[in-house]
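Assemble chain W onto chain D, guided by the hints.
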Amino acid sequence: MPPADETATITAAVDRLIHEPARLAIMTNLFVVASANATYLLRQTDLTWGNLGSHLNKLEDAGYVTVAKGYNGKKPETTISLTEKGREALLSYRDRLLDALAPVAGD
Amino acid sequence: MTTGLTNLKELERDAFRKFYDDGIFDLYLGGILITMGIAALITDQIDNEMTGMLITLVLAFGVTVPVLLWRRHLLRSRLGDFQPGPERMRKIQGTRLALLGSVVLGVIVFGITAALLNSGSEDILGAVIPLIWFLNSVAVLGAMAYFLDVPRFYAHGVIVGMAMPLLIWPDVLWDHQLQPWIAFGVPGLVVMAIGTYKLVLFLREYPAGSAEESADATS
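Sequences listed follow chains D and W, in order. Residue numbers for the first sequence follow this note's numbering, beginning at 1 and rising by one. Residue numbers for the second sequence follow this note's numbering, beginning at 1001 and rising by one.
Next comes chain D alone, as it looks inside the complex (with noise of 0.2 Å):
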């Protein structure tokens, strides 16, 4: 087990933002995709709609994902996408934990 001022800085480094397993789950499933409907991610993420939307306006407003409001005929569709931002901070939020848990990985 590393000393505790070594996992401070380890948690410090890594984007506490994408941290939050909802909005990991979410940066995730889009990670994989060019776009999703809010369905999809509810489906997904198994979150609420009310959860999604608050994680969403969160990760909106870090520029990581766009939100986009039309009609899909004449219902009405939320279309979601991962930015370029988005998607180069949830690769590094990869890298830097893999790195902080490099040590106890052969464990």
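No lab work stands behind these hints: they were computed from the structure. Each residue gets a CB set at the ideal place from its N, CA and C atoms; glycine is no exception. Certain hints may be false.
Unchecked claim - Now the stretches of chain D that chain W is said to cover, found in silico as 3 or more residues with beta-carbon under 8 Å:
#1 21-33
#2 37-44
What the hints assert, rightly or not - A few chain W positions that, by computed beta-carbon distances, are all more than 10 Å from chain D:
#3 1011
#4 1047
#5 1056
#6 1064
#7 1098
#8 1102
#9 1106
#10 1171
#11 1190
Same frame as chain D, now just chain W:
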């Protein structure tokens, strides 16, 4: 949450595969086979190849359109919609190429068949055409299974591929011809049974439009 999956590749594969878990493609495939059996029966009754082909096309169209509409409605309301990423798009293109190759092969085989029938070489046809049908079916549905990550399509390739050999080889080998509705209908029913099972599981897991309604209501 699906982040419990081991990696992003598996996450993408799992998400995409869900869109084939409704069993509608299986029902369509089985429906087409049964349609071919029914069309063969009708063709025998009226004894006119051209009318028989027309009836087959009309029946196939009658099966295809409602299935496509139903699938679109069923999936969008329950699973939502997404635009695949670049890697998946390449795989979808691979599937389209396999289907196109199958159509081209079908046209070539049709031409060769017509030429051989005119030259009176029916024995060669009896041996070769079922084999080509089988290999074509295994290749196309195998390509779909591979590119779309839906393993049960490998089995469908073999089941669908058995239809033509069942129709022709017993006649060639033992002088005993199976009725077309049996040769096409039995594999068709097997594929439809698999599709029905998948559809029931799908409808249970994803109830009608609940996710979409809540999303629409607040978006």
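query = Within the stretch 37-44 of chain D, is the number of residues with a Cβ closer than 8 Å to a Cβ of chain W three or more?
reply = holds (count 8)
request  = Examine each Cβ of chain D, and state whether all of them lie more than 10 Å from the Cβ of residue 1011(W).
outcome  = Check fails; 6 Å does not lie beyond 10 Å.
ask   = Just checking, residue 1098(W) versus chain D, shortest CB gap more than 10 Å?
value = At about 23 Å from chain D, residue 1098(W) clears the 10 Å cut-off, so the statement holds.
inquiry  = Can you confirm whether chain W covers the stretch 21-33 of chain D, using C-beta to C-beta distances below 8 Å and requiring at least three such residues?
reply    = holds (count 9)
Residue 1047(W) non-interfacial with respect to chain D [C-beta, more than 10 Å] = Holds, because the least Cβ-Cβ distance between residue 1047(W) and chain D comes to about 47 Å, which exceeds 10 Å.
query = Is the nearest Cβ of chain D still more than 10 Å from the Cβ of residue 1056(W)?
reply = Per Cβ check, residue 1056(W) is outside 10 Å of chain D; nearest 33 Å; holds.
task = Beyond 10 Å from every chain D Cβ: check whether that's true for residue 1102(W).
result = 28 Å, holds
query = Once the closest CB in chain D is found, is it more than 10 Å from residue 1064(W)?
reply = Non-interface label stands for residue 1064(W): nearest chain D Cβ at 22 Å, farther than 10 Å.
ask   = In terms of Cβ atoms, is chain D entirely out of 10 Å range of residue 1171(W)?
value = Residue 1171(W) clear of chain D: closest Cβ-Cβ about 50 Å, beyond 10 Å.
request  = Check the non-interface label on residue 1106(W): least C-beta distance to chain D beyond 10 Å or not.
outcome  = Residue 1106(W) clear of chain D: closest Cβ-Cβ about 33 Å, beyond 10 Å.
task = Please settle this one: residue 1190(W) was flagged as non-interface, so is its CB more than 10 Å from every CB on chain D?
result = 30 Å, holds
Hint 3 from the list above is the single one not met by this structure.
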